[in-house]
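> Line by line, the protein sequences are chains V and U.
Last residue of the first sequence: number 278 in our numbering, and the count goes up by one each step with no gaps.
Last residue of the second sequence: number 244 in our numbering, and the count goes up by one each step with no gaps.
Hints in this document: simulated from the structure, not taken from any laboratory.
The reader is advised that the hints may include incorrect statements.
Sample of chain V residues lacking proximity to chain U, with all beta carbon distances greater than 12 angstroms (derived) [claimed, not checked]:
#, residue
1, 36
2, 64
3, 89
4, 128
5, 130
6, 137
7, 201
8, 235
9, 247
10, 250
Listed next, with one range per pair, are the computed distances between beta-carbon atoms [as the list claims (entries may be wrong)]:
#, chain 1, residue 1, chain 2, residue 2, range
11, V, 262, U, 120, 30 to 36 angstroms
12, V, 250, U, 180, 55 to 61 angstroms
13, V, 184, U, 180, 53 to 59 angstroms
Fair warning: this is a prediction, and the values are worked out from it, not measured in the lab.
We put the beta carbon where it would ideally sit given N, CA and C, even for glycine.
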Amino acid sequence: MSESTTIVRRRRFVGAFGSVPRALRAGRGLLLPLALLVLWRLLSGEIVPAHLLPSPGAVLEELVELARRGELLGHLGASAGRVALGFALGVLAATLLGALAGASRLARELLDPTVQALKAVPSLAWVPLFILWFGIFETSKVLLIAVGVFFPVYLNLMTGILSVDRKLVEVGRINRLSRLAIIRRILVPATLPSYLVGLRAGLALGWMFVIAAELMGASEGLGFLMVDGQMTGRPAIIIGALVLFAVAGKLSDALLERLSRRLLRWQDSFGAAEAGHA
Amino acid sequence: MLELAAIAKQFDDRAGVSHRALDGVSLSVGEHEIVALVGTSGCGKSTLLRIVAGLEAPSRGRVAIRGRPVTGPSPEVGMVFQEPRLMPWLSVRENVRLALLDLPRDEQERRIDAVLAQVGLSRFADALPRQLSGGMAQRAAIARALVRRPSVLLLDEPFSALDSFTRMKLQDHLLDLWAGARFTLIFVTHDVEEAVILADRVVVMRHPGRVQRELPVALPRPRRRSGAEVQALKEEIVRELDLT
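Here chain U stands alone, though its shape is the one from the complex:
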């Protein structure tokens, strides 16, 4: 449902020096698939996500969702960033509303109530961001990204700032949401275990902006973090990353 064809992206930094962030990435993602992008810092995985989100245009190559080229942000695609990025002056409810401004008011209310119930924040609809814990804030950000019922949800290292316990809970929670709404999920992570626990396929990227290898994760869910297959896959991915 998502096609990336020979995506390249070049940046000019302030000194005018050209940097290659992506160098011919092709990727095909199926309907309801979960894909993890892993790779060392600066390998271009976040840039790839931003291109799919329509926040940046590729220098070369094509992106299409269900056959329609991506030309900018669209309600088809929801995005969650590394930081919750909630407006500190707006309540959780009003933050979620930012994704719905073009809909009629009663439709907004209906959708906000529904999505906050899904992420377990109904009681905090009127709380300000400063009153939320890190995990709750990130769930509010997920609610804002899901409230438009996108067909693609993108997450850029969404749980990396959370403690490991909260992170595991949110990973499970994300799988529940995915099972309920069946969107296509693409996420960037530095956490190899997170990739193996969540994804149907792990895409290992290498500097400068190339796909090194794709590993299918053909394990039934729920997956045991300590299971032997999970451990074996983790080791294989770490080998691919060539961290030495």
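Bound-form chain V, shown alone:
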């Protein structure tokens, strides 16, 4: 059995920069932002007037000032808290309904056309109704975010379940696994890749909707900060809030990405081979 003496190593894709150390490769993602920062600094005050495009330094000063007064964390926390709560609610609902629609043809036929139709409604169109129903405070904001999170998670979970390899399920049958065991040991892990993609897409939408929710009226949060900057004629605040959105969105997505990579280590995919190389 000479074939059994070596584990086959699949040839891994090695690009032109394949042997660059990990730290440097992570640094590559920063190159473009740094270049933009330089460009921004060059444009600001010289070509574009400072009241339209304040310099990076001015934005940083504004943020430091906010932080010194202790307001920055409050705004960040308010937005992040809304996203977290809305995300949790949206994921919960999408997981229940998506699993139902994926597992049962009857449920799918009853449920899916309606969900697809609701998905076609631009989510911002819910704003007036939600304000009418739930008032202008937290409930309507969190629910709006939950609606945004719901659709990608629902869709990815349902299609993930539907595309599970029937042949693997048959292995469960021939080994007399119970329905529950087939779900837990075969359907759930097989659906995980698609579900995680849905979670990441949902989180991105969650951040998108928190701005919409906060622009429609809030007393704190990054969206409020932007409106405040606009009202009081402080462009540095607007841009500062923008940058914070980008950073917060990127960081929360990075968390989910790390989780995905841990959970999907078994995948034999192009992306996994790339990441595994280092």
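Here the structure of chain V is known, so what remains is to put chain U in place on it, guided by the hints.
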């Protein structure tokens, strides 16, 4: 030990058209016998195997193993498919465990260790399927099917996706396992040589789902692939298949 009596199977396709996959197949397989089912594509041989495995019910007819009718999958019957069908997220050990979930944990471990040693995968117990070659993956699938010590092992074109060298090695390996455990072996193949090298009896099936002829292979093992008797039998089977 295995009795198939007048098995018929009809399918309705999505358009509602009825297809006859099996049309009155009767077959009697003895204890420890090796039977090869050969036939052109679509002649119903895989369906026959799935009915014996309890994965599908026949439209008409009876299947019984040692006098007990087959009503669904049972630990008496192990099955290996054309593809290894390993769960890609489970190690070889955990994949084999899927066949043992109703047994106590220490019994599971004992049986997994034993069967992996038999198929020569002990060192790869903790490897993931993506780290295995095609031949190793199929051996892991055989281990999963044998770990329950079934009295019948069914294989549906188990080696057809492998290169010819690996295929020959696995054929020999399968005979070793059979000689050691003495289960009854029924396999479907497109490879006429594989049928003649392994089987005690070759059952030639014809579309639509009928047994065309049964040929006993009364040659001592190990059989030489290039031997004159093997070649003569191969030619006879090919004639029966009427491939022209």
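> All hints, please: hold or fail.
Comparing the hints with the structure gives:
1. 36: 39 angstroms, holds
2. 64: Answer for residue 64 of chain V: holds, closest chain U Cβ roughly 47 angstroms.
3. 89: 29 angstroms, holds
4. 128: 45 angstroms, holds
5. 130: 40 angstroms, holds
6. 137: The claim stands: residue 137 of chain V keeps its Cβ more than 12 angstroms from every Cβ of chain U (closest is about 44 angstroms).
7. 201: Since the minimum Cβ distance to chain U is about 22 angstroms, residue 201 of chain V lies beyond 12 angstroms and the statement holds.
8. 235: Non-interface label stands for residue 235 of chain V: nearest chain U Cβ at 50 angstroms, farther than 12 angstroms.
9. 247: 33 angstroms, holds
10. 250: Residue 250 of chain V is indeed farther than 12 angstroms from all Cβ atoms of chain U, at 28 angstroms.
11. V:262 with U:120: 30 to 36 angstroms: 32 angstroms, holds
12. V:250 with U:180: 55 to 61 angstroms: This hint holds: roughly 59 angstroms between Cβ atoms.
13. V:184 with U:180: 53 to 59 angstroms: 34 angstroms, violated
The earlier numbered hint that this structure contradicts is number 13, and it is the only one.
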